[in-house]
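Undergrad: Whole structure, please, built from the sequences with the hints as guidance.
Going down the list, the protein sequences come from chains F and L.
Residues in the first sequence are numbered from 1 upward in steps of one, following the working numbering.
Residues in the second sequence are numbered from 1001 upward in steps of one, following the working numbering.
Honestly, the hints are just simulated from the structure, not real lab data.
Check before you lean on any hint, since a few could be wrong.
Listed next, with one range per pair, are the computed distances between beta-carbon atoms [claimed, not checked]:
#, chain 1, residue 1, chain 2, residue 2, range
1, F, E69, L, A1410, 27 to 37 Å
2, L, T1004, F, E152, 13 to 23 Å
3, F, K3, L, S1336, 17 to 27 Å
4, F, Q271, L, R1440, 51 to 61 Å
5, F, E152, L, T1003, 17 to 27 Å
6, L, L1313, F, A113, 15 to 25 Å
7, F, N227, L, K1437, 43 to 53 Å
Please read these numbers as outputs of a predicted model, since none were measured by experiment.
Heads up, the beta-carbon is just placed ideally off N, CA and C, and yes, glycines get one too.
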Amino acid sequence: MDKNMILEVEHVSKRFARHTALDDVSLSIPRGSVYGLLGPNGAGKTTLIRIINRITAPDQGRVLFDGREIRPEDVYRIGYLPEERGLYKKMKVGEQAVFFARLKGLSRRDAVAGLKKWFVKFGIESWWDRKVDELSKGMAQKVQFIVTVLHEPELLIFDEPFSGFDPINANLLKEEILGLRDKGATVIFSTHNMSSVEEICDHITLINRSRNVLTGRVDEIRRRHGNNIFQVAYRGDRDLLDRALAGECEIMEHPEPELGAAYASLKIHVQDDARVRSVIGRINETVELRSFTELIPSMNDIFIRAVGGQLEEAQPVGNESSNS
Amino acid sequence: MATTKIGIIIAREFNERVRKKSFILTTILMPVLMIGLMVAPTLIMRYSKGETRHIAVIDRSDIIAPKLESGEEVIFEETDLDLEEARRDRTDLFGILWIGEDVMTNPSNVKLYTNGSSSIIVEESISGQIADIIEKEKLRAYDIDNLAQILEEVDTKVYMQVFRNDQTSGEGDDKQANSSVVATAAGFVLAMILYMFLLIYGSMVMQSVIEEKNNRVLEVVVSSVSPFQLMLGKILGIASVAVVQVLIWGVLICGVGAFVMPQLIPADMMGSVEAMQAGTLDPAVAGGDIEMVQMLATATDFGFVLQLFVYLLLYVVGGYLLYSAMFAAVGSAVDSVQDAQQLQTPITIPIILSIFVMMAVMKDPNSPLVFWFSLIPFTSPVVMMARIPCGIPTWEIILSLVLLYITFVAMVWLAAKIYRVGIFMYGKKPTFKELYKWVRYKY
Chain F
1 MDKNMILEVE HVSKRFARHT ALDDVSLSIP RGSVYGLLGP NGAGKTTLIR
51 IINRITAPDQ GRVLFDGREI RPEDVYRIGY LPEERGLYKK MKVGEQAVFF
101 ARLKGLSRRD AVAGLKKWFV KFGIESWWDR KVDELSKGMA QKVQFIVTVL
151 HEPELLIFDE PFSGFDPINA NLLKEEILGL RDKGATVIFS THNMSSVEEI
201 CDHITLINRS RNVLTGRVDE IRRRHGNNIF QVAYRGDRDL LDRALAGECE
251 IMEHPEPELG AAYASLKIHV QDDARVRSVI GRINETVELR SFTELIPSMN
301 DIFIRAVGGQ LEEAQPVGNE SSNS
Chain L
1001 MATTKIGIII AREFNERVRK KSFILTTILM PVLMIGLMVA PTLIMRYSKG
1051 ETRHIAVIDR SDIIAPKLES GEEVIFEETD LDLEEARRDR TDLFGILWIG
1101 EDVMTNPSNV KLYTNGSSSI IVEESISGQI ADIIEKEKLR AYDIDNLAQI
1151 LEEVDTKVYM QVFRNDQTSG EGDDKQANSS VVATAAGFVL AMILYMFLLI
1201 YGSMVMQSVI EEKNNRVLEV VVSSVSPFQL MLGKILGIAS VAVVQVLIWG
1251 VLICGVGAFV MPQLIPADMM GSVEAMQAGT LDPAVAGGDI EMVQMLATAT
1301 DFGFVLQLFV YLLLYVVGGY LLYSAMFAAV GSAVDSVQDA QQLQTPITIP
1351 IILSIFVMMA VMKDPNSPLV FWFSLIPFTS PVVMMARIPC GIPTWEIILS
1401 LVLLYITFVA MVWLAAKIYR VGIFMYGKKP TFKELYKWVR YKY
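TA: Here it is in structure tokens:
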């Protein structure tokens, strides 16, 4: 029960008739972090999010909010944007937003005041009295986002938030999410879009086949998965360098420099950390060293590596769940 | 907190529906239509006069023709033409009536040739007049003095006043029983209203659930309220729409009825009606048709109407709640209204069955069949509503209401279990076996 953790999931399992959605999953979400919940389709992400939102109950395990068992009234402190989202088509935009805000415990007056501000911010104030089915998809998504964050929740949960957004709106959304984090909110962020993970998440958990297979800080994970591969840029004699490095390290790629290129490049694999310094020394003695960089794998590589090995025998997803 | 959330859901469901044009239209038009249907025949009878029909009469017996009386609708003209000529030449008339020579001994020897379509009313008034004339002629042949006077004295009609011995009030006033005609008609109408409400509002709940599911708005809502609260709020919200509609109809029908009725009923009859309601009517002085008076007395008895109205509300609400819970469960399990057909069938069967049982109530409101079906919660709303106007023991009504509301609570509990699983199921259409499995899921 760490007070720095806003949410802790402890040994949660959830089974449906013919398949297991979650198998003994534990994770801790630090206050003020942007926490990525990753995993392929059908891994159990949505089930986990539903359990956190108290939409379904776990078979085993428990969820702690603020260091104590989560309670029904905690939904007022959580904002949830589901992947499968929608609005009442025949309702007016403003009225509908007020409806959702009141379900989150706001009074009508507070809801209207707060909503007006957000509507102005997103430039959709003229839509207040329009019906939802007149809105474009992007507009509806904005309304949906406002409804999720209006009650200023401490914990925000976004399930695939960028799906359906055009790049401009996706960027706007990203800025807003980071802005909310800066104001002190904690964000859980479920996605399989890895580039957005590197950009905005500081912690991740990777769920695959109902289990937590990888968890930790993004930078640590990437470093841990780095394999001591380095990229070198230099100016000098290519053959001389090859000979100088023989025995020191494994040369993975060493293409002929392109005609007119300022530098030649080299990719090497160093067996252990202790030899890195001597490798650099050798290169420096032989050629003019311009840069020496460790190649840290992208989250995408790590994701594919972590999931890939198990994907071949992935079990079919039963109809009991609409997980995605 | 849970109740305020349900309140917000109820308010949304209610506002969405009450503001719709279709709701406003049906709510106002239905009673107008119903009253129109009741009043129209009287008005038509009063103001529509058939065209005058001229009929040439060829009377070979010379007995009938002089005594035929022309009226507003039919004018008889004796003619000297023979049948062939008349049929050929007098096509300008409505028809030719031919009466045979032996009509006194062979009354079937009467023929009407018409130059166009005829009507039952015209034909009956002609044959009736002829029969009367023949009857009188035959009686005259017996040569009895003061025959007409004797006949008038002998002619007897019995008006039976019906009292409910089992509902006598303390002060010894006999309770005048309600007109069986009115009671049966009222029972029929009320049962039909119930039937309509159960089906229409029940499937409204189902459609609403399916719509939320298809819109994908459901998951947004259930992150703030529990699925059970959402389902209950939806059911109660639509119930309040039904109640408002019944109330508006009640007020409109009573109001318009109070305004229109006195215009249609002659004043002296109204006096008798009031006397009968007060229990002071002396049948001997009652004007004219005492059956009519009793019918009107029943239909305008405020206490009787109010009582029916209260029971109607109780059964509309109870029956609706029971059925809408089932409809909600079915709606949650499917993706489209088409898919719902199969699962819906077991729900609609008892509603339709109760309409058949209601027909049996028309014959005998106290038969064992009817009694049991008016206690079984799935059929009781329609069947009991048909029985109540006939005056049945209060304990039966209370027992049936208690059973109905208990079953409703049990059904909501069961439906909620299906609902909270069903709303997240997309794609495959579930079978009953799967629904049963969902009920047993632990959540």
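Undergrad: Now look at each hint and say whether the structure bears it out.
TA: Status of each hint after checking the structure:
In this structure the hint that F/E69 and L/A1410 lie 27 to 37 Å apart at CB holds, the actual value being about 31 Å. Restraint check, L/T1004 to F/E152: a C-beta distance of roughly 19 Å satisfies the suggested window 13 to 23 Å. Against the hinted window of 17 to 27 Å, the Cβ-Cβ separation of F/K3 and L/S1336 comes to about 49 Å, which falls outside the hint. For the hinted restraint 51 to 61 Å between F/Q271 and L/R1440, the CB-CB distance of approximately 58 Å keeps it satisfied.
Distance hint check for F/E152 and L/T1003: the Cβ-Cβ separation is about 24 Å, which falls inside the suggested range of 17 to 27 Å. The hinted window of 15 to 25 Å between L/L1313 and F/A113 is violated, with their beta carbons roughly 40 Å apart. Roughly 48 Å separates the CB atoms of F/N227 and L/K1437, a value that falls within the hinted 43 to 53 Å.
Checked against the numbered hints given earlier, this structure breaks hints 3, 6; the rest are met.
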